[in-house]
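Colleague: Taken in sequence, the protein lines are chains A and B. Under my numbering, the first sequence has 49 at position 49, and the numbering climbs by one with no breaks. Convert by adding 1000 to the 1-based position in the second sequence; the result is the number in my numbering.
Calculated from the structure, these hints are not laboratory results. Where hints are given, some of them may not hold.
[Unchecked claim] Computed list of chain A residues with no C-beta within reach of chain B, every gap over 10 Å:
| # | residue |
| --- | --- |
| 1 | D18 |
| 2 | S27 |
| 3 | L33 |
| 4 | E41 |
| 5 | V44 |
| 6 | A48 |
| 7 | A52 |
| 8 | S57 |
| 9 | R60 |
| 10 | N75 |
| 11 | G85 |
| 12 | Q100 |
| 13 | T102 |
| 14 | G104 |
| 15 | S105 |
[Unchecked claim] Among the chain B residues that face chain A by a calculated CB cut under 8 Å, a handful are:
| # | residue |
| --- | --- |
| 16 | L1039 |
| 17 | P1043 |
| 18 | F1045 |
| 19 | E1054 |
| 20 | G1056 |
| 21 | F1060 |
| 22 | P1062 |
| 23 | F1064 |
| 24 | A1087 |
| 25 | Q1103 |
| 26 | G1108 |
[What the hints assert, rightly or not] Here are a few chain A residues that face chain B, going by a calculated C-beta distance under 8 Å:
| # | residue |
| --- | --- |
| 27 | P43 |
| 28 | F103 |
| 29 | L109 |
| 30 | P113 |
Where a beta carbon is used, it is the ideal one built from N, C-alpha and C, also for glycine.
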Amino acid sequence: GQQLNQSPQSMFIQEGEDVSMNCTSSSIFNTWLWYKQDPGEGPVLLIALYKAGELTSNGRLTAQFGITRKDSFLNISASIPSDVGIYFCAGPPHSGSARQLTFGSGTQLTVLP
Amino acid sequence: ETGVTQSPTHLIKTRGQQVTLRCSSQSGHNTVSWYQQALGQGPQFIFQYYREEENGRGNFPPRFSGLQFPNYSSELNVNALELDDSALYLCASSLDRGKYNEQFFGPGTRLTVL
């Protein structure tokens, strides 16, 4: 089936630092979504991207839809303790059901004081 | 506006038993999707319900079944539980005619199979 590869698998950063993570696929995606999941909670949508090359911001978060439609990245600027959590990329693959989301395996972010 | 709610929050079952998990969709949303999230993994799509009918299914065996009710709430049923069914089960609702890929998730039900 379709797979999304996220990297890095985990990150340890100092508070105030910027963070960058990415997501790649062997297949084309029409939409890229970035979610954050806190322990014991469901994923929360952070940013949605709908066009190749699109760059979208949500506060300190910025995400881009890769031109090839096979990748996306998420940047977090000036990290704070509440940024801790697992970040997932997701999307409906071009050849699959428009309503079925495929998720990456996540990037675990730890922010050190 | 009420978000997606799920019940129960935690559940412990033994192998071979059956379980029913419940989900209430966000107000105004008519589509419900179910996902299984094993420890350390991303969510995996089980199936989706739209207007009370199954509208897409992932790679899960028939012992995983579901229902959607006229008020758009939904149930996930799993028969003949196996140890590997232990996971967080997430429900997500969406407004089909809106941003169709924006699914809003509930907090999940943690199922442990002993």
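Colleague: Does each hint hold? Answer for all of them.
Modeller: Each hint tested on the structure:
no.: 1; hint: D18; result: 24 Å, holds
no.: 2; hint: S27; result: 15 Å, holds
no.: 3; hint: L33; result: 6 Å, violated
no.: 4; hint: E41; result: 5 Å, violated
no.: 5; hint: V44; result: 7 Å, violated
no.: 6; hint: A48; result: 6 Å, violated
no.: 7; hint: A52; result: 15 Å, holds
no.: 8; hint: S57; result: 17 Å, holds
no.: 9; hint: R60; result: 21 Å, holds
no.: 10; hint: N75; result: 20 Å, holds
no.: 11; hint: G85; result: 13 Å, holds
no.: 12; hint: Q100; result: 5 Å, violated
no.: 13; hint: T102; result: 7 Å, violated
no.: 14; hint: G104; result: 5 Å, violated
no.: 15; hint: S105; result: 5 Å, violated
no.: 16; hint: L1039; result: 11 Å, violated
no.: 17; hint: P1043; result: 5 Å, holds
no.: 18; hint: F1045; result: 5 Å, holds
no.: 19; hint: E1054; result: 11 Å, violated
no.: 20; hint: G1056; result: 4 Å, holds
no.: 21; hint: F1060; result: 12 Å, violated
no.: 22; hint: P1062; result: 18 Å, violated
no.: 23; hint: F1064; result: 15 Å, violated
no.: 24; hint: A1087; result: 13 Å, violated
no.: 25; hint: Q1103; result: 6 Å, holds
no.: 26; hint: G1108; result: 5 Å, holds
no.: 27; hint: P43; result: 5 Å, holds
no.: 28; hint: F103; result: 3 Å, holds
no.: 29; hint: L109; result: 15 Å, violated
no.: 30; hint: P113; result: 25 Å, violated
Figure legend: structure checked against the earlier numbered hints; hints not met, in rising order: 3, 4, 5, 6, 12, 13, 14, 15, 16, 19, 21, 22, 23, 24, 29 and 30.
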